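Q: Sequence:
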Amino acid sequence: MEPERLRRRLSSAFRLRGLVLRPDALKYLTEAFQSTREGELDDVIENVIDAVEKQSLSSNMIEQPVVEAAVQECSRAPDEAIENVFNIIGAFDIPRYIYNSERKKFLPLSMADLPGPSLFGTARDKAELFRERYSLLQQRTHRHELFTPSPVVAHPDDSKSKFQLKTVETLLGNTAKVGEVIVLGMITQLKEGKYFLEDPTGVVQLDLSKAISFCCDGRAGGISCRPAGGLYTESCFVLAEGWYEDEVFHVNAFGFPPTEPSATTRAFYGNINFFGGPSSSSVKASAKLKQLEEENEDAMFVFVSDVWLDQAEVLEKLRVMFSGYSSAPPTCFFFCGNFSSAPYGKNQIQSLKGSLKALADIICEHPSIHKSSRFVFVPGPEDPGPGSILPRPPLAENITQEFRQLVPFSVFTTNPCRIQYCTQEIIIFREDLVNKMCRNCVHFPSSNMDIPNHFVKTILSQG
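Anchor point for the sequence shown: position 123 equals 123 in full-length UniProt numbering, and the numbering is continuous, going up by one each time.
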């Protein structure tokens, strides 16, 4: 391609993303892309711009060192990006992204005007947590077919089945009755026995006396077309449908924000690695990792929870389990706490050290497992640590030192944590969430025999 035409194409592509190339940066990219085939040029430029936006930019004026780093990242060989097939990502190593509503994309926390993560957060940090979650759910809801504006040339029947989200501020600004509105907000209890709906624009009192839960799938031409499950607690975000009068929002039906497949999210935001790990892009997009996963179809993970290592019966059952797996060692054993049957006491730490030593001795009795398998330990809510604060750090090194010396392929990680194996992404969280959510339900599902499914629906819709 002619250099002048390529320069115009590069400048135009960067300007469309709100970026301006300095002359030295434009010259560098022109020389770098001179030999690129025209059919591939658009994709190459988009990848470079994505890599540029991942960096910490002080302004929208792009210098040569920035584009050099972006080109190097994009030209990295596929095998270099696959540093590990199996990764354990602690809670403190998870990448932080903030949704930018103006640019309609996710930016690293380092590019946002926000303080870094802290174990001792302020009141502002707590408010920011809920604002971030609201932004996540709002942008996802707007992409759902029920809330996407109809094209100008659409059929009249299509526009009838579309809905428009309102804010709490819209309701509070009306003195007359407002009927049939849908608001996305968080359920709170600001006064004893009275629930409110809150969003970044304000808060309104709720009347839930006639409310039912609905499923946001658009069947039968309406949003409240059929009942749906879920555990509705305080601080849950919901889509509330009803009418507003005399400073009270009377809810006829409410449900969770619609979920979205990860493939759909990646189609909008590219292969950003939200999950964490050494890869610069999402492992879901890696054909090499997918191939490795299919070739190693015998890989196996074993999950065990509430492993009371201070009980002789438990240690004996673990010995039986290892014996059964010794002929075909699993890829990894995951042990989740609590690791003691008696969680409190002055001798707990010393007892836990002895219990881990006994477990290490049992593992060493099975050489095939000792050499081939990995062992990951996730602390439980009553294991030694900072009370009920989340995330929980790993078990202290002075407790695990002897075990790690005897079993080198062992990792003591945080609760919660993330596991990446090839293209699979797994989250481990050891907490009695179902009991806590059932105790704090604002609206309990009618089919209360199917609590696990209600729990899963709640988690998926709130993420």
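Possibly wrong hints are sitting among the right ones.
List of simulated lysine to any residue pairs, SDA-like, C-alpha gap at most 25 Å [as the list claims (entries may be wrong)]:
1) Lys-191 with Lys-288
2) Lys-105 with Gln-462
3) Lys-288 with Ala-123
Derived CB-CB ranges, DEER-like [stated by the list, open to error]:
4) Thr-265 with Ser-75: 35 to 43 Å
5) Asn-347 with Lys-191: 27 to 35 Å
6) Ser-118 with Ser-35: 27 to 35 Å
7) Val-304 with Asn-347: 19 to 27 Å
8) Leu-172 with Lys-317: 33 to 41 Å
9) Pro-117 with Ser-323: 38 to 46 Å
10) Gln-64 with Leu-172: 13 to 21 Å
11) Arg-266 with Glu-38: 50 to 58 Å
Treat the hints as calculated values from the structure; they're not laboratory data. Here the structure is a predicted model, which means the values were calculated and not measured. Note that CB positions come from ideal geometry on N, CA and C, so glycine has one too.
Q: It remains to establish, for every hint, whether it holds in the given structure.
A: Outcome of the hint check:
As the CA atoms of Lys-191 and Lys-288 are separated by approximately 55 Å, the hinted pair breaks the 25 Å bound. Using a Cα cut-off of 25 Å, the hinted pair Lys-105 and Gln-462 holds, with the two alpha carbons roughly 19 Å apart. With a C-alpha separation of about 45 Å, the suggested pairing of Lys-288 with Ala-123 is violated against the 25 Å cut-off. A C-beta distance of roughly 26 Å is found between Thr-265 and Ser-75, which places it outside the suggested range of 35 to 43 Å.
Between Asn-347 and Lys-191 the beta carbon distance is about 46 Å. The supplied range of 27 to 35 Å is therefore violated. At roughly 48 Å, the beta-carbon separation of Ser-118 and Ser-35 lies outside the given 27 to 35 Å, and the hint is violated. Roughly 24 Å separates the CB atoms of Val-304 and Asn-347, a value that falls within the hinted 19 to 27 Å. Range check, Leu-172 to Lys-317: Cβ separation about 60 Å, and the 33 to 41 Å hint is violated.
Between Pro-117 and Ser-323 the Cβ separation comes to about 44 Å, which falls inside the hinted range of 38 to 46 Å. Roughly 51 Å separates the CB atoms of Gln-64 and Leu-172, a value that falls outside the hinted 13 to 21 Å. Between Arg-266 and Glu-38 the beta carbons are some 26 Å apart, a value that contradicts the proposed interval 50 to 58 Å.
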